[in-house]
Every structure is written in structure tokens, then in C-alpha cells.
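Visitor: Sequence:
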Amino acid sequence: MTRFSDLNYCIRMDVRNLAPASAGWWAALGFAMSLTVTAFSHAAETALPGTERADGPGQNEETVIYPRSFFDMYSPVDALDMVNQLPGFRLIEGGGSRGFGGNAGNVLINAERPSSKQDRLSQILSRIPAARVEQIELVRGDTGSLTAGGQSVVANVVLRDEGRANWTWKAQVEQDTDSGGPEPGGSVSMVARSGNTRYAAGVEARHFFIGNVADERLEVRGVPAEWRDDVEQTQGNDFAASFNSETDWDSTVARFNGKLEHQVFDFFERSERTPQSADESPFSVHRDTDSDEYELELGGDLQWQATPQTDVKTILVFNREWKDRISGRRREVEDLLIRRQRANRETREAESIARVEVDWTGWDDHYLEFDLETALNVLDNQLELAIDDGSGFSPVVVPGADSRVEEWRGDVQISDSWQIDAWTLEPSLGAEVSRISQTGPQGRERSFFFVKPSLAMIHAPASERQTRINLRRSVAQLDFGDFVSATNFGDNEINLGNPSLKPQNTWIAEVAHERRFGEVGVATAKMFFNYVRDLQDRLPIDGKDVPGNIGDGRRWGMELETTMPMDPIGLDDARLDMDLRWQDSSVEDPVTSRDRPFSGESKFRIHTEFRQDVLAAQTAWGLEAYYEDAVTRYELDELDTRDDGVDLTFFIETTRFLSTKMRLVAQNLLDRRFGRDRRVFESSRVEGEAAFREVRDFRRGRSLILSLSGSF
1 MTRFSDLNYC IRMDVRNLAP ASAGWWAALG FAMSLTVTAF SHAAETALPG TERADGPGQN
61 EETVIYPRSF FDMYSPVDAL DMVNQLPGFR LIEGGGSRGF GGNAGNVLIN AERPSSKQDR
121 LSQILSRIPA ARVEQIELVR GDTGSLTAGG QSVVANVVLR DEGRANWTWK AQVEQDTDSG
181 GPEPGGSVSM VARSGNTRYA AGVEARHFFI GNVADERLEV RGVPAEWRDD VEQTQGNDFA
241 ASFNSETDWD STVARFNGKL EHQVFDFFER SERTPQSADE SPFSVHRDTD SDEYELELGG
301 DLQWQATPQT DVKTILVFNR EWKDRISGRR REVEDLLIRR QRANRETREA ESIARVEVDW
361 TGWDDHYLEF DLETALNVLD NQLELAIDDG SGFSPVVVPG ADSRVEEWRG DVQISDSWQI
421 DAWTLEPSLG AEVSRISQTG PQGRERSFFF VKPSLAMIHA PASERQTRIN LRRSVAQLDF
481 GDFVSATNFG DNEINLGNPS LKPQNTWIAE VAHERRFGEV GVATAKMFFN YVRDLQDRLP
541 IDGKDVPGNI GDGRRWGMEL ETTMPMDPIG LDDARLDMDL RWQDSSVEDP VTSRDRPFSG
601 ESKFRIHTEF RQDVLAAQTA WGLEAYYEDA VTRYELDELD TRDDGVDLTF FIETTRFLST
661 KMRLVAQNLL DRRFGRDRRV FESSRVEGEA AFREVRDFRR GRSLILSLSG SF
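Here the working numbering is used: position 460 in the sequence shown is 460, and no number is missing along the way.
These aren't lab readings, by the way, just hints derived from the structure by calculation. Cβ coordinates follow ideal geometry from the N, Cα and C atoms, glycine included. Hints may be right or wrong, so weigh each one.
To be verified - Straight-line C-alpha distance at most 27 Å; calculated DSS-like pairs for lysine-lysine:
hint, residue 1, residue 2
1, 526, 452
2, 452, 502
3, 502, 323
4, 502, 544
5, 452, 313
To be verified - Label pairs and their computed distance ranges (CB to CB):
hint, residue 1, residue 2, range
6, 427, 122, 27 to 37 Å
7, 433, 277, 52 to 62 Å
8, 618, 595, 51 to 61 Å
9, 618, 134, 48 to 58 Å
10, 531, 162, 42 to 52 Å
11, 208, 659, 24 to 34 Å
12, 492, 134, 51 to 61 Å
13, 302, 429, 42 to 52 Å
14, 531, 195, 51 to 61 Å
15, 337, 290, 11 to 21 Å
16, 195, 352, 26 to 36 Å
Please work from the sequences and hints to get the whole structure.
Guide: Okay, structure coming up:
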């Protein structure tokens with residue numbers, strides 16, 4: 001018989017956002033878990049010597065250093081494998097909004113943020129072989145000397161140079177057990193050095209297929225009116241190529257980044273519908289979409305030491321996107337066409353960013369930074385809609401369909417990191433000015449100005465304890481897609497844009513306390529409160545539902561993140577990671593004039609991961625589960641509630657053969673259900689009973705993924 005201790009196994013559990021009805025039970029569970037963390041921490045302090053081990057992480061009050069040897073037990077292939085195993089750390093890719101400074105992720109490479117936006121951190125890290133990583137520094141709280149974009153915890157990946165080129169490769173195939181496939185994919189990348197230039201290049205490609213089935217019922221005034229049997233299929237291809245270089249001339253460094261990505265896919269849905277009335281015949285509804293997208297990004301930076309105390313960095317980023325999408329919807333009765341709709345949408349987006357960062361260390365115990373950024377963003381949208389009721393296509397005029405949106409934005413900020421014994425103070429003062437203009441019959445030009453102060457206070461009396469207090473104001477970047485109109489054939493609607501939309505801004509208060517124990521043990525508890533002004537949501541205007549600002553709201557909650565070693569309970573080389581978050585919110589509903597939660601936000605989530613590794617077997621296995629409680633979107637005449645259920649994933653991996661990591665993943669073991677309850681009212685939600693209701697049970701099916709990866 002094989003014992004558990006003879007296996008190198010890894011369990012990852014992911015459970016988020018549980019149902020509101022059980023929120024109290026889960027809050028009690030979270031409290032019990034926090035007590036368990038405390039108990040484990042006391043046990044781990046004696047069971048795990050932590051930094052006393054020669055190959056364990058080193059610590060000071062703000063930084064924990066994990067040498068390359070710390071990650072050996074996880075058999076990493078690339079830097080992403082290593083970052084994912086950092087105790088008490090969760091990778092943040094960075095925001096997808098416009099601009100550069102406010103979209104930073106929480107990983108740096110050689111203490112510098114990559115001068116790219118669309119090339120995600122996970123992709124950059126996956127192209128760096130693990131052999132190139134010297135160590136990873138986890139900086140907590142005092143990140144003023146790093147270009148961290150306001151992140152309170154940052155991982156700095158320190159690389160080492162080697163005389164030869166290093167290659168990383170990955171090949172995988174996915175097979176759906178309940179629908180189609182297979183779906184092959186792969187990538188290859190290289191890092192090397194020539195003279196004083198380090199460079200990296202990579203390509204990746206994949207074919208994807210997604211097959212879904214759904215059962216849906218339609219109720220009219222509470223009476224069953226129609227049964228629907230839906231089948232969906234999406235398939236397409238992705239291709240991406242990237243290049244990065246860094247050239248060092250004494251005290252001057254020049255970096256260049258480039259990425260080209262192309263995606264093409266087609267979508268098809270067949271919905272067989274059976275009316276419950278004997279007077280109506282069965283019919284079918286078909287939807288299809290063909291999409292072709294290109295994205296090109298070029299960026300770079302030049303960094304030099306102007307004086308012994310002054311570093312200067314200039315950054316340029318240019319991004320262009322081309323999206324062409326043709327969508328259709330048709331209704332048939334016994335193969336006889338009754339009605340069809342066709343939409344042709346062309347979207348062109350461009351972003352140009354220029355940024356200057358100046359760091360100054362001429363003042364003892366201070367680190368000052370001055371940032372200046374300007375950006376120009378453009379969206380060109382063209383939409384053609386036509387309807388055929390049996391006599392040929394006739395064009396339909398859609399307000400806001402053909403429009404150009406431009407935004408110029410300037411951002412300035414000065415910040416300081418001030419060390420006072422066991423305290424670090426990081427005050428900052430910034431300002432943002434922008435001008436947004438839109439062409440078309442309803443277009444207009446508007447200007448905005450915001451002051452953005454912030455203050456972070458970090459108290460670290462010892463390496464294992466740290467308290468962080470953050471007070472700041474953030475300004476959201478508007479989504480240009482909310483300014484223009486688009487078709488939604490899934491719900492047979494047109495989503496209108498709103499040229500009067502304003503950016504919401506939020507005052508944020510956070511208090512977090514971190515406790516570290518042993519080599520991998522860490523627990524961080526955080527409480528937060530947000531006061532949101534001009535909350536962006538759905539706004540009724542002239543009897544229509546559009547994106548808009550509905551007033552001021554509040555959000556509050558708490559979060560617990562832990563990494564607990566399982567050795568004290570007899571599970572050697574095992575760890576349990578957990579992320580538990582509870583929150584609530586309140587805003588006055590513009591339709592009912594009563595308080596309600598924010599639209600589209602869940603109250604509770606829990607994410608846990610368990611992993612164990614046995615080096616002698618060179619094998620690992622794991623389990624991952626994900627749960628999120630139901631979320632509701634509020635519109636003028638509609639309530640849309642979605643419940644994504646529980647996602648459970650199992651994996652097993654080994655590095656025993658040919659120095660290659662072999663990994664098998666079984667996804668969606670519980671045959672996850674995606675529930676939707678859509679209630680549509682006659683004219684507004686004030687009226688009470690819904691005019692009709694659509695209740696959908698959507699299933700994605702199970703899949704197996706086999707991947708091989710390695711480096712040389």
C-alpha cells in the first residue's frame with residue numbers, strides 16, 4: 001500500500017463568494033479559520049526554524065528574501081512558477097484601464113517595472129527560465145524605493161546573467177469530455193545576452209474550443225410560457241509574438257518592448273424553443289459571431305543617473321487595436337425564416353503614453369519621487385445594424401453607433417518614503433486633469449480635474465510583524481465602450497452609450513496586520529472602507545437605460561489571507577493557502593429611491609489552496625475549488641442575477657522523466673452550473689411583478705489538460 005507521505009502531492013482549493021443566505025455561517029467559518037491560523041502559527045514557530053535553515057528565506061522588517069534554493073522543492077520551470085509559490089502573495093497583473101502609472105502590477109524585474117501594458121506580467125514571467133532567477137525579494141509596506149504603482153506588497157524578481165542562451169518551452173493539449181476538441185497549444189521563448197545587451201523573445205499559439213449547453217425556461221406573469229434547449233460553440237486561434245531588450249551603458253539603461261497579438265474566433269448558438277401554448281408552434285433562434293482582432297504594442301524607457309542622488313526614467317508606450325466583428329440573429333419556424341438581424345461593428349483604438357519619473361535620495365532617511373505623465377486615447381466605433389422581416393434587409397439607425405471618442409489626460413504626483421525607526425511614512429500628493437470629447441449628434445466636450453492625496457503608514461517592529469495603514473483617493477478611468485452603442489443579440493437588445501458619463505472617484509481607508517511564522521507561514525488580516533463618489537452604474541435617462549453616474553455610495557469589509565504549513569499536523573512539506581473576503585455596500589437606487597448593494601458585486605468569497613511536495617517521489621497532486629455567491633445587476637426595467645456555483649479542479653504533476661514537468665489537470669469536476677435569473681419589468685422595477693422572467697441553467701462541461709514544459 002502506498003502511503004500519503006510517499007507521494008509528492010499538492011492540493012489547491014479555491015472557494016469564493018458564497019450565497020448570502022449562508023453568509024453568517026461562512027463568517028463563523030472564517031473566524032474559526034483565523035483562530036486555526038493563530039494555533040498553527042504557535043506550532044509552526046517551534047516546528048519550523050524559518051530563517052535558521054541555510055536555504056530558507058532571509059528577513060528584515062520590510063523585506064523577505066527567498067533564494068533560488070527555496071523553490072527547488074516545487075521544481076519550477078520558469079519565474080511564474082516561482083512567484084506563484086511565494087507565501088502570502090497573490091499575483092496582480094495590473095489594471096486594464098488607460099494610462100501607465102495607475103496600472104502597475106505587483107511584480108518587478110530587477111527592481112524595475114516592465115515598460116509595457118498589454119504584455120501581462122504572467123506572460124513576461126513565463127518567458128524567464130527559473131535558472132535565470134537569483135532570488136525573489138518580497139517587499140512589504142515600504143515600497144517607496146520601487147516603482148510599485150501604489151502596491152503595498154511587491155515581489156522583486158532578481159535575475160542573474162549567464163554566458164549562454166536559455167530556452168523555455170511548453171506544449172499542451174486540452175480535451176473536453178462532454179463536447180469537442182482536442183485543443184492544442186504551445187509556446188517557446190529565449191533569453192540571452194550579447195555584449196552589454198540582454199534580450200528575450202517568445203512566440204505562443206493555441207487553438208481553443210468551448211462547448212456549452214443550457215436549459216432555460218421563460219415565464220410570463222409568473223406562468224411558464226416556453227422551454228428552451230440551447231447549445232453553444234466557440235472556437236478560434238490565438239497567436240502572439242514578443243520581444244524585449246535591455247542595454248546597459250555604465251549608468252544609463254535603455255529598454256525596448258514589443259508585442260503583436262492576433263485572435264480570430266467564431267461563435268454559434270442554436271436555441272430550440274417550445275412554447276407551452278397549444279396555439280404556438282415550436283421555433284428556433286440562431287446566433288453567430290465572427291471576430292478578427294489585432295493588437296500591437298511598442299514601448300520602451302531610458303533610465304540614467306543625472307546626479308549621484310538623482311535617477312531619471314522616461315517611458316514611451318504606443319498601443320493600437322483593430323477589431324472587426326460581424327454578428328447575426330435569426331428566428332425560424334420549421335426551417336422557414338421569420339426574422340433576421342445583422343450587425344457589423346468596426347472598432348479602432350489607440351493609446352499613446354509619455355511618462356517621466358525622477359527619484360531623489362539627497363535627503364537622509366527619505367526617498368522622493370516625482371512623476372509626470374500625459375496620455376492620448378482614441379476610440380473610433382462604427383456600427384451598422386440591419387433587420388430583415390421577410391422583404392430584405394433594411395438599415396436601422398442606432399444613436400451613438402458611429403462615433404469617435406478622444407481623451408487627453410495629464411497626471412502629476414510627488415511622493416516620499418520617510419523612515420523613522422520602526423515606522424515608515426509614505427505621503428503622496430497628485431493631481432489629474434483630463435479632457436474628453438466625442439463626435440456625433442449627441443457628442444460633447446468636457447474637462448475634469450481631481451486632486452489625489454494619499455498617506456501610507458507602516459509599522460514593523462520586528463520582521464515577523466507588520467501593520468499597514470493606507471488612506472488615499474483613486475480616480476477610475478472611463479471605459480470608452482460605455483460612450484458608444486453596441487448590439488446584444490443574446491438578450492435581443494441594443495446597449496446604448498452615454499456621452500455624459502463621468503469618472504467615479506473613491507476615498508479608500510485600509511488597515512492591515514501581517515504576521516509571519518516559520519519559513520512559509522503568514523497571515524494577513526485587513527479591514528477596509530470606501531466612499532465612492534459618482535458611482536458608475538446603469539442610469540435611467542428619458543426612459544432608456546444607459547451607463548451613468550447614480551450618486552455616492554459606500555463599501556466596507558474585511559479580508560484574511562494566509563499561508564499555513566501543514567507539518568505540525570503530520571503532512572510533511574505541505575501548505576494551505578486561503579483568501580477569504582467579506583464585503584457589503586450601499587447606494588441609493590435611482591429607480592426605487594431605496595438603498596441597495598452595488599450592482600454586480602458579491603458579498604463573500606473564499607479561496608483556499610492546499611499543496612504538499614515529496615521530493616523523493618518528484619510528484620505533486622492538487623485540488624482547486626472556486627465559489628462565488630450570486631451577484632445582481634440593476635437596470636431600469638431589469639434585475640439580472642447570476643450564480644456561478646462551485647468550480648473544482650484536480651491536478652497531478654511530476655518531473656521524474658527527461659527533466660520535463662508533466663502535468664495533468666482535470667477541470668470542472670463537479671460539472672459546474674452557471675445560473676441566471678433575469679427578470680424584466682414592463683417599464684421600470686418599481687412596478688412589482690416582472691413582465692417576463694428567464695431562468696437559465698448553463699453548463700460548460702469537464703475537460704482534461706495535459707501539458708509538458710521544460711527549459712534548457
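Visitor: All hints are to be evaluated individually against the structure, with a verdict given for each.
Guide: Checked hints:
With a C-alpha separation of about 23 Å, the suggested pairing of residue 526 with residue 452 holds against the 27 Å cut-off. In summary, the hint linking residue 452 to residue 502 is supported, as the alpha carbons are separated by about 16 Å, within the 27 Å threshold. With a C-alpha separation of about 26 Å, the suggested pair residue 502 and residue 323 falls inside the 27 Å cut-off, and the hint holds. For the given pair, residue 502 sits about 18 Å from residue 544 by alpha-carbon distance, which is consistent with the 27 Å threshold.
With a C-alpha separation of about 22 Å, the suggested pair residue 452 and residue 313 falls inside the 27 Å cut-off, and the hint holds. Taken as a hint, the range 27 to 37 Å holds for the pair residue 427 and residue 122, whose Cβ atoms sit roughly 32 Å apart. Hint check: residue 433 to residue 277, Cβ distance near 60 Å, so the stated range 52 to 62 Å holds. Range check, residue 618 to residue 595: Cβ separation about 56 Å, and the 51 to 61 Å hint holds.
Against the hinted window of 48 to 58 Å, the Cβ-Cβ separation of residue 618 and residue 134 comes to about 24 Å, which falls outside the hint. The hint said 42 to 52 Å for the Cβ distance between residue 531 and residue 162, and at roughly 51 Å that hint holds. Between residue 208 and residue 659, the C-beta spacing of about 29 Å keeps the proposed range 24 to 34 Å intact. The hinted window of 51 to 61 Å between residue 492 and residue 134 holds, with their beta carbons roughly 57 Å apart.
Checking the proposed 42 to 52 Å range against residue 302 and residue 429 shows it is violated: the Cβ atoms sit about 26 Å from each other. A beta carbon spacing of about 54 Å between residue 531 and residue 195 agrees with the range 51 to 61 Å that was offered as a hint. Range check, residue 337 to residue 290: about 20 Å between beta-carbon atoms, so the 11 to 21 Å window is met. As the Cβ distance of residue 195 to residue 352 is approximately 31 Å, the hint placing it in 26 to 36 Å holds.
Of the numbered hints listed earlier, those contradicted by the structure are 9, 13.
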